[in-house]
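Chemist: Sequence:
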Amino acid sequence: MLKRCNHDEDIHHPARKRIHMARVEKTDLISTLSDELLLQILSFLPTTTLLLCQRLSRRFYALAGDSELWKRQYYSQWVWPRTRRTTNRRCAGLSSSNFNYTPKVSTWLDHGHLARGSAVTNWKRQYRLQHNWSRGICRVVEIEFPQPLRPPMLVDFCAGFVFVVDLDYTLRIWEAGNPQSCLARVPGADFPDVPTALAVGRHLQQNMIEITVGFESGRFSLWNLDVKTLRLSLRFTHPGAADGAITTIALSLPYALMISQHKTLSLYKVPPEGDKPGQPLKKEDHLLASLKADSIFSPASLSIRIVGSQVIASIVYSFFHLGCGWSLGIQELHFNRRGQQRNSRLATTVESQHETMPPYSAHAEGLSTLTHETRRGQRWARPSEPSILHRDPPTSVSYSHPYLLTSHADNTLTMYLVVSTAASLSVKGGRRLWGHTSSVSAVQVSNRGKAVSISSRGGEVRIWELEAIVSSSGTHRALREDISIQASPENKNIQEHSCDELRSHDNIFQASRAMASSAGRTASESAQIRSCVGFDEERVLLLREMDLGGQLLEVYDFT
Numbered sequence: 001m002l003k004r005c006n007h008d009e010d011i012h013h014p015a016r017k018r019i020h021m022a023r024v025e026k027t028d029l030i031s032t033l034s035d036e037l038l039l040q041i042l043s044f045l046p047t048t049t050l051l052l053c054q055r056l057s058r059r060f061y062a063l064a065g066d067s068e069l070w071k072r073q074y075y076s077q078w079v080w081p082r083t084r085r086t087t088n089r090r091c092a093g094l095s096s097s098n099f100n101y102t103p104k105v106s107t108w109l110d111h112g113h114l115a116r117g118s119a120v121t122n123w124k125r126q127y128r129l130q131h132n133w134s135r136g137i138c139r140v141v142e143i144e145f146p147q148p149l150r151p152p153m154l155v156d157f158c159a160g161f162v163f164v165v166d167l168d169y170t171l172r173i174w175e176a177g178n179p180q181s182c183l184a185r186v187p188g189a190d191f192p193d194v195p196t197a198l199a200v201g202r203h204l205q206q207n208m209i210e211i212t213v214g215f216e217s218g219r220f221s222l223w224n225l226d227v228k229t230l231r232l233s234l235r236f237t238h239p240g241a242a243d244g245a246i247t248t249i250a251l252s253l254p255y256a257l258m259i260s261q262h263k264t265l266s267l268y269k270v271p272p273e274g275d276k277p278g279q280p281l282k283k284e285d286h287l288l289a290s291l292k293a294d295s296i297f298s299p300a301s302l303s304i305r306i307v308g309s310q311v312i313a314s315i316v317y318s319f320f321h322l323g324c325g326w327s328l329g330i331q332e333l334h335f336n337r338r339g340q341q342r343n344s345r346l347a348t349t350v351e352s353q354h355e356t357m358p359p360y361s362a363h364a365e366g367l368s369t370l371t372h373e374t375r376r377g378q379r380w381a382r383p384s385e386p387s388i389l390h391r392d393p394p395t396s397v398s399y400s401h402p403y404l405l406t407s408h409a410d411n412t413l414t415m416y417l418v419v420s421t422a423a424s425l426s427v428k429g430g431r432r433l434w435g436h437t438s439s440v441s442a443v444q445v446s447n448r449g450k451a452v453s454i455s456s457r458g459g460e461v462r463i464w465e466l467e468a469i470v471s472s473s474g475t476h477r478a479l480r481e482d483i484s485i486q487a488s489p490e491n492k493n494i495q496e497h498s499c500d501e502l503r504s505h506d507n508i509f510q511a512s513r514a515m516a517s518s519a520g521r522t523a524s525e526s527a528q529i530r531s532c533v534g535f536d537e538e539r540v541l542l543l544r545e546m547d548l549g550g551q552l553l554e555v556y557d558f559t
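Following the UniProt record's numbering, the numbering of the sequence shown begins with 1 at its first residue and continues without gaps.
For the record, the hints were derived by calculation from the structure and aren't laboratory data.
Cβ coordinates follow ideal geometry from the N, Cα and C atoms, glycine included.
It is possible that some hints are incorrect.
[What the hints assert, rightly or not] With a Cα cut of at most 20 Å, we get these calculated SDA-like pairs of lysine to any residue: (1) 269 / 295; (2) 71 / 35; (3) 263 / 236; (4) 292 / 253; (5) 292 / 228; (6) 71 / 52; (7) 263 / 208; (8) 263 / 217; (9) 228 / 263; (10) 71 / 121; (11) 71 / 157; (12) 71 / 139; (13) 263 / 295; (14) 450 / 485; (15) 450 / 345.
[Unchecked claim] The calculated label-pair distances, taken between Cβ atoms and stated as ranges, are: (16) 323 / 193: 40 to 48 Å; (17) 262 / 432: 30 to 38 Å; (18) 457 / 387: 27 to 35 Å; (19) 262 / 68: 37 to 45 Å; (20) 320 / 207: 41 to 49 Å; (21) 159 / 387: 34 to 42 Å; (22) 134 / 233: 37 to 45 Å; (23) 320 / 531: 19 to 27 Å; (24) 323 / 67: 30 to 38 Å; (25) 61 / 421: 47 to 55 Å; (26) 297 / 411: 18 to 26 Å; (27) 28 / 468: 45 to 53 Å; (28) 233 / 30: 56 to 64 Å.
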């Protein structure tokens, strides 16, 4: 069979021509743009992209790190959502235009403190700080005090300074971020007797920190610390109006509220700085009120605040109620600026413990104590059994108006809202807060709704945003979301490479960074948390007691 010849073999294809691409000149269009235009473009980028842009060049490092860019990012991430939640509870009909960005920090909700003073705010640093708080990202610095240490040991924290009072070294002060050197100290001979209470407050206008120390005899002394010069001076010593040791002090300068071992509540007005510096005062001088209580059980919490022309002194105490177990009582004393008592009111948490509400929800003020109406008009009757029942007393109590928080040995917290008006005082909305895996030993809350709680063992530190719980209004979203964050130190499990001990110039304490975690310690070296010393916008301070008798101060740094 004949085959068809392949004519393709005879076809001569022309030689393939080399394709010449048109030479395109490399032009950098970005570099020709002005800084103002680049900043406008960068303002539309998320924070992750801004961080990547800072790696490109020195120019982009400066532009992407511009403080105004991060100020807008801070507002959209932290200020705007909170303002919307708070305002929606009060005025649900407001449009979104009411929440537009404004560069005036003094108008931001609870951010007026950032507008005070002449210091320029680093908004990228502020953004990173808030981001670390929201994720629990921090580093730990452990300060171990020398052994043996003569009790009692009193520690307080204010404006980035740590204040310690004991029998051997009396009053010592150092900076929380630099614990290697003692900034100021008062020798033990200047103390009249055994110190039993410590409170610290700050005068923002005068750059002055006032330290009040209460003693076993009922006397108290006040020192001034100049923040700029770090000069420590004695203001005065007061003989006191109560018999017995002073156990708790609350400050809202120029007023001081104290309670003694024998349950005597005393309110003082701190004299001006020019009045007899360093001299003792008479007992009747500057004493505004003194009351005696018979049914106050520990733990208790003192609070004092200035509202307009009134001075409101509050005491929160625990007591046992037959119907709902351990409950809380709060008494408010209203004074004018001259010290004349205007009013005294009392409220308890008994009604709140009987309220029927969805967990973590919040009702508007003025609800009936017998029935509650939901948004759909349904009425829920008050149950015969309390919804919150505590068979054991709380392990700690913290009150910073309007938030009242207690910790318990059953791994829970209980939150209340204190409603104080010109006509009445009430406690609303009891909530059980879950999240801890062991007994909660201490808790502290601020008036901005941030709280820190710690477990007795295991080093579990949790951060709570109570305002978000109140703003959720019982929605299912509140039940799904995590309402607390556990602090997770990045250096907790890192073994230190050097065994050199950092000592202060007077060998008061030993500090070490990046120490081994408590899980790596032996059973005899384990530490039990005694109390939460305090916290601010950057740090949390915890005081631990070692099983061998020593004491340890832990600083959780979120910067």
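Chemist: Would you mind marking each hint as holding or not holding in the structure?
Modeler: To see whether the hints hold, each was checked on the structure:
Pair hint residue 269 plus residue 295 does not hold up; C-alpha atoms about 26 Å apart against a cutoff of 20 Å. For a cut-off of 20 Å, the pair hint linking residue 71 to residue 35 stands: about 18 Å separates their Cα positions. About 24 Å separates the Cα atoms of residue 263 and residue 236, which puts this hinted pair outside 20 Å; it is violated. Restraint check for residue 292 and residue 253: not satisfied, since their Cα atoms lie roughly 23 Å apart, outside the 20 Å limit.
A hinted pair counts as satisfied when its Cα atoms are at most 20 Å apart, and residue 292 with residue 228 does not qualify at roughly 41 Å. For the hint pairing residue 71 with residue 52, the CA-to-CA distance comes to about 18 Å; that is within 20 Å, so the pair holds. A C-alpha spacing of about 31 Å is found between residue 263 and residue 208, which places the hinted pair above 20 Å, so the restraint is violated. Between residue 263 and residue 217 the alpha-carbon distance is near 14 Å, which keeps this suggested pair within the 20 Å criterion.
This hinted pair does not check out: residue 228 and residue 263 have alpha carbons roughly 38 Å apart, beyond 20 Å. With a C-alpha separation of about 9 Å, the suggested pair residue 71 and residue 121 falls inside the 20 Å cut-off, and the hint holds. With a CA separation close to 28 Å, the supplied pair residue 71 and residue 157 exceeds the 20 Å bound. Under the criterion of a C-alpha separation no larger than 20 Å, the hint pairing residue 71 with residue 139 is inconsistent with the structure, at around 25 Å.
Between residue 263 and residue 295 the alpha-carbon distance is near 9 Å, which keeps this suggested pair within the 20 Å criterion. Only pairs whose Cα atoms come within 20 Å are accepted, and residue 450 paired with residue 485 is accepted, the gap being roughly 11 Å. Of the supplied pair hints, the one linking residue 450 and residue 345 is violated, its CA atoms being roughly 27 Å apart against a limit of 20 Å. Evaluation of the 40 to 48 Å hint for residue 323 and residue 193 yields a pass: the beta carbon distance comes to about 44 Å.
The supplied range of 30 to 38 Å is met by residue 262 and residue 432, whose beta-carbon atoms lie about 34 Å from each other. Take residue 457 and residue 387: their Cβ atoms lie about 29 Å apart, and the range 27 to 35 Å holds. Taking 37 to 45 Å as the suggested C-beta distance range, the pair residue 262 and residue 68 does not conform, at roughly 58 Å. Look at residue 320 against residue 207: about 46 Å separates their beta carbons, and that is inside 41 to 49 Å.
Roughly 41 Å separates the CB atoms of residue 159 and residue 387, a value that falls within the hinted 34 to 42 Å. Between residue 134 and residue 233 the CB atoms are about 41 Å apart, so this pair conforms to the stated range of 37 to 45 Å. At roughly 24 Å, the beta carbons of residue 320 and residue 531 sit within the given window of 19 to 27 Å. The beta-carbon spacing between residue 323 and residue 67, approximately 56 Å, falls outside the hinted interval of 30 to 38 Å.
Checked against the hint of 47 to 55 Å, the pair residue 61 and residue 421 passes, with Cβ atoms roughly 53 Å apart. Between residue 297 and residue 411, the C-beta spacing of about 22 Å keeps the proposed range 18 to 26 Å intact. Roughly 46 Å separates the CB atoms of residue 28 and residue 468, a value that falls within the hinted 45 to 53 Å. A beta carbon spacing of about 58 Å between residue 233 and residue 30 agrees with the range 56 to 64 Å that was offered as a hint.
Hints 1, 3, 4, 5, 7, 9, 11, 12, 15, 19, 24, counting from the list given before, are not met by this structure.
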